[in-house]
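Peer 1: Based on the provided sequences and hints, a complete structural model is requested.
The lines below spell out each chain.
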Amino acid sequence: MLEEDFLDHQVECPSCRETVFLIYKNSVFANCKNCNSIFVVKPSRPENAILGQNKKNSYALIRYLEIGQKFIYNETAYIITGRAVIKVKFEGTDSNEAYKGSLIYHEWVCRSKDSQYFTITEDYAGFHISMPVEPDPEVDQYFIRNSFMQIYSDMAPKKIDETGIGKVIYFEGEADDNYYPGRELSYATCTYKGYTYGAEWNPYKKDVSVNFYVQSVMPKNTLHKMIYEKNDMSNYNKKLKEFNFLRKAVTVTALILFILMAFSTGEKGKMMYEKRIKMLDITEAGYKLPTFEINELNTPYSIKTIANVPSSNTEMLVGVEITNKNENVVNLLEKWFWTASGSYEGEAWRESDVEMTSYFKFDKKGTYQPILYLEKSTATKTITDGYYVNLYIRKGVMMTRYFLYTLIFFIILIIILYLPGTSHYIKSWYFQKLKI
Amino acid sequence: MINLTRGIIIGGIALTVGATTYISSTGLGLQGIHNREIIKAASRDCPSGRTDEFGNCIERNYRSAYYRSYYFDNSSYGKGK
Numbered sequence: 001m002l003e004e005d006f007l008d009h010q011v012e013c014p015s016c017r018e019t020v021f022l023i024y025k026n027s028v029f030a031n032c033k034n035c036n037s038i039f040v041v042k043p044s045r046p047e048n049a050i051l052g053q054n055k056k057n058s059y060a061l062i063r064y065l066e067i068g069q070k071f072i073y074n075e076t077a078y079i080i081t082g083r084a085v086i087k088v089k090f091e092g093t094d095s096n097e098a099y100k101g102s103l104i105y106h107e108w109v110c111r112s113k114d115s116q117y118f119t120i121t122e123d124y125a126g127f128h129i130s131m132p133v134e135p136d137p138e139v140d141q142y143f144i145r146n147s148f149m150q151i152y153s154d155m156a157p158k159k160i161d162e163t164g165i166g167k168v169i170y171f172e173g174e175a176d177d178n179y180y181p182g183r184e185l186s187y188a189t190c191t192y193k194g195y196t197y198g199a200e201w202n203p204y205k206k207d208v209s210v211n212f213y214v215q216s217v218m219p220k221n222t223l224h225k226m227i228y229e230k231n232d233m234s235n236y237n238k239k240l241k242e243f244n245f246l247r248k249a250v251t252v253t254a255l256i257l258f259i260l261m262a263f264s265t266g267e268k269g270k271m272m273y274e275k276r277i278k279m280l281d282i283t284e285a286g287y288k289l290p291t292f293e294i295n296e297l298n299t300p301y302s303i304k305t306i307a308n309v310p311s312s313n314t315e316m317l318v319g320v321e322i323t324n325k326n327e328n329v330v331n332l333l334e335k336w337f338w339t340a341s342g343s344y345e346g347e348a349w350r351e352s353d354v355e356m357t358s359y360f361k362f363d364k365k366g367t368y369q370p371i372l373y374l375e376k377s378t379a380t381k382t383i384t385d386g387y388y389v390n391l392y393i394r395k396g397v398m399m400t401r402y403f404l405y406t407l408i409f410f411i412i413l414i415i416i417l418y419l420p421g422t423s424h425y426i427k428s429w430y431f432q433k434l435k436i
Numbered sequence: 001m002i003n004l005t006r007g008i009i010i011g012g013i014a015l016t017v018g019a020t021t022y023i024s025s026t027g028l029g030l031q032g033i034h035n036r037e038i039i040k041a042a043s044r045d046c047p048s049g050r051t052d053e054f055g056n057c058i059e060r061n062y063r064s065a066y067y068r069s070y071y072f073d074n075s076s077y078g079k080g081k
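Those protein sequence lines, which keep their order, are chains A and B.
Per my numbering, the first sequence starts with residue 1, numbered consecutively.
Per my numbering, the second sequence starts with residue 1, numbered consecutively.
Possibly wrong hints are sitting among the right ones.
Stated by the list, open to error - Not the full set, but computed from the structure, chain B residues with beta-carbon under 7 Å of chain A: (1) Ile13; (2) Thr20; (3) Thr26; (4) Leu30; (5) Gly32; (6) Asn35.
What the hints assert, rightly or not - Subject to a maximum C-alpha distance of 16 Å in a straight line, what follows is the list of computed EDC-like cross-link-like pairs (lysine to aspartate or glutamate): (7) A:Lys364 / B:Asp52; (8) A:Lys325 / B:Glu53; (9) A:Lys435 / A:Glu242; (10) A:Lys365 / B:Glu53; (11) A:Lys364 / B:Glu53.
By construction, these hints were calculated from the structure, which means they are not laboratory data.
Given the structure is predicted, the values throughout are model-derived calculations rather than measurements.
A virtual CB, placed ideally from N, CA and C, is assigned to each residue, including glycine.
Peer 2: Structure follows, in structure tokens:
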């Protein structure tokens, strides 16, 4: 039945002369894929034929809806003939629940062979169906006045719930209403008998024409069933499966990186140098420690200094010089170590920072020697026998930072791949690249 | 084609994880122990041609003087006691 309804007509694009195939011969407006123009199929005057032009060739689909899909709704066969992408700024008018914002939604034009039509609006949350309604002729010709709306003569004027201004940013396919980029439309909605009723008009020509519609939620499952029943979705399903594979692969990679990152934090390498020096032995000229050999360059080394400071309220600068075989300094590490203690509300506390760690690669093989320096602050009490500094050098340390950088990158990827506002762009691009 | 796409994805992921592990265990891009700023400061005013293979000035041992001026005074690098 649907196949018989699907008519195939050709017109010539008035802009580029390319042949444009139409689904319905009575379509009034159409889009040329070749030059992106939106034109009037049978213009009264040729110079007025072109209404506008899309800025880009295509606009990413949110889900599975596409032009040309057929379905049965309320026992009538419809075909999706067009899609408009509309950016709207809205504002709630209820003083108790005021809100405002903006969003981009897709409006799918669905038409039957006998010119019945409605639109499916699709955004990241779901679907709505907007059915046109005819207002009673007896109702005041302005319909909308002083924040109230009336459509039927037996309908008491209803307070407007929401108003907004929309702008078409993209149109493809064909329609009997003029969607073209740059076209603006104003709308207002009210609630009547549990349904949302709306009015839509040209903001610059409100008195000329106002279209009324009633809007209802289209459950996702219902629409999915309607579309899947009458269309071959196997290609789409295969591509979706591959896209989901990509998303899962990225998620699993992030998980692997997280595990490796956790593992690397505990992987401190192999101890190759360990010395303990009494602070009393460190003179003004420093304390020369035994030398160590570096034979392997392609691995990270850690140099860690930990002080043992028994007393509280001390402060000292600990410096470690690394010298080469000529006794020249090739690096210096230093930090103020401190301990502090006291009592707060009867409870004793003690805090300290007596540790420093640095990570390096050695640029050249050879013999190196650490020299330890110490400078205590004037507030620090006398250093005794129990004060000492431990110096550790390890090789083969696994660096965590690189796992962290990559993990952050993959987390950003996951957000982009799963966020409703961005995932459909990636999905659309991926679908285009996939050859099935 | 699907197998190729999946192969590229799995290969890309294996490459990413492998490269990250390699970089992490070799410290690619990690700072060298030879701190150029320190060597430069410690070798200021070195006569030409008197630097060693590490770039240090071999005319003088700046170590102790350098240490004191750099760390415990507010004077500039490399000056004597």
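Peer 1: Are any of the numbered hints broken by this structure? If so, which, sorted upward?
Peer 2: Nothing - there is no hint that the structure violates, so all of them hold.
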